[in-house]
Every structure is written in structure tokens, then in C-alpha cells.
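All chains, full assembly: derive it from the sequences and hints.
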Amino acid sequence: MEYNDKRAVLLGEYIVCHKATVRAAARAFGISKSTVHMDVSNRLKRINGGLYRKVREILDINKEQRHIRGGLATKEKYERMRKMEAPRASKDSR
Numbered sequence: 000m001e002y003n004d005k006r007a008v009l010l011g012e013y014i015v016c017h018k019a020t021v022r023a024a025a026r027a028f029g030i031s032k033s034t035v036h037m038d039v040s041n042r043l044k045r046i047n048g049g050l051y052r053k054v055r056e057i058l059d060i061n062k063e064q065r066h067i068r069g070g071l072a073t074k075e076k077y078e079r080m081r082k083m084e085a086p087r088a089s090k091d092s093r
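Residue numbers for the sequence shown follow numbering that gives the first Met the number 0, so the first one is 0 and each next one is one higher.
What the hints contain is simulated information worked out from the structure, not anything from laboratory work. Warning: the hint list may mix true and false statements.
[To be verified] Dumping the calculated SDA-like pairs for lysine to any residue here, alpha-carbon to alpha-carbon at most 25 Å:
1) K32 - L9
2) K82 - N61
3) K5 - H36
4) K53 - T34
5) K32 - I57
6) K5 - A25
7) K32 - Y2
[As the list claims (entries may be wrong)] Derived CB-CB ranges, DEER-like:
8) K18 - A85: 34 to 44 Å
9) E78 - R22: 20 to 30 Å
10) R45 - G70: 31 to 41 Å
11) H17 - M37: 13 to 23 Å
12) M83 - D4: 46 to 56 Å
Positions of the beta carbon are idealized from the N, C-alpha and C atoms, including for glycine.
Structure below.
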């Protein structure tokens, strides 16, 4: 088994074990999202069909939920921005 095939299996196991997103797996392995996607979509399907199906289930769930996570991230961003602006606003009102 060549290096890329081994990496595909490791990525698949990581995604299943941690219910990780493609981005999280890419960060953990220090590779690009495209590489993760290619490994788990193409290589893994050829190497280990059972693991591929488990990964696909998780990635499909992540895809369904991404708009929710994106909305929460945006909400948190604006809450942080408001907290940073609050002290300045109180100084201006003196």
C-alpha cells in the first residue's frame, strides 16, 4: 500500500472517530481540504468500501449542518465585536 493510500485510510479513521469535518481533518493532518476530499472520496472508496461509507455518512451530516454552524460562527463574531465596542461607547458618553 502506497503512502497516499495509507493517508486516505488514516483520514477516514480520523473523520469517523472524531466526526470531523473536511476542514478539521485537513488542519489535523497539515494538508489541504482538496487533498482530504480527494483521499476520502476517491482513494478510500477504492481501498476500503466499508470505511468509505462511514466517512460519507459523516460528511453528508456535516454538509446538512454547515449552514447552522456558519450562522452560529457569524453570531459569535458579531457578539465579540459588540463586546469590543462596548467599553469605547461608555467612554464617549461621559
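To see whether the hints hold, each was checked on the structure:
1. Taken as a hint, the K32 and L9 pair is honoured in the structure, with Cα atoms around 15 Å apart against an allowance of 25 Å.
2. Restraint check for K82 and N61: the C-alpha separation of about 30 Å exceeds 25 Å, so the hint is violated.
3. With a C-alpha separation of about 15 Å, the suggested pair K5 and H36 falls inside the 25 Å cut-off, and the hint holds.
4. Among the hinted pairs, K53 with T34 is consistent with the structure: their alpha-carbon atoms are about 19 Å apart, no more than 25 Å.
5. About 16 Å separates the Cα atoms of K32 and I57, which keeps this hinted pair within 25 Å; it holds.
6. Only pairs whose Cα atoms come within 25 Å are accepted, and K5 paired with A25 is accepted, the gap being roughly 15 Å.
7. A threshold of 25 Å between alpha carbons decides the hint, and for K32 with Y2 the separation of about 18 Å falls inside it, so the pair holds.
8. In this structure, K18 and A85 meet the distance hint of 34 to 44 Å, their C-beta atoms being roughly 36 Å apart.
9. Separated by about 22 Å at the C-beta atoms, E78 and R22 satisfy the suggested range of 20 to 30 Å.
10. Evaluation of the 31 to 41 Å hint for R45 and G70 yields a pass: the beta carbon distance comes to about 36 Å.
11. The given range of 13 to 23 Å is respected by H17 and M37, whose C-beta atoms sit roughly 20 Å from each other.
12. About 47 Å separates the C-beta atoms of M83 and D4, a value consistent with the hinted range of 46 to 56 Å.
Consistency with the previously given hints fails for number 2 only.
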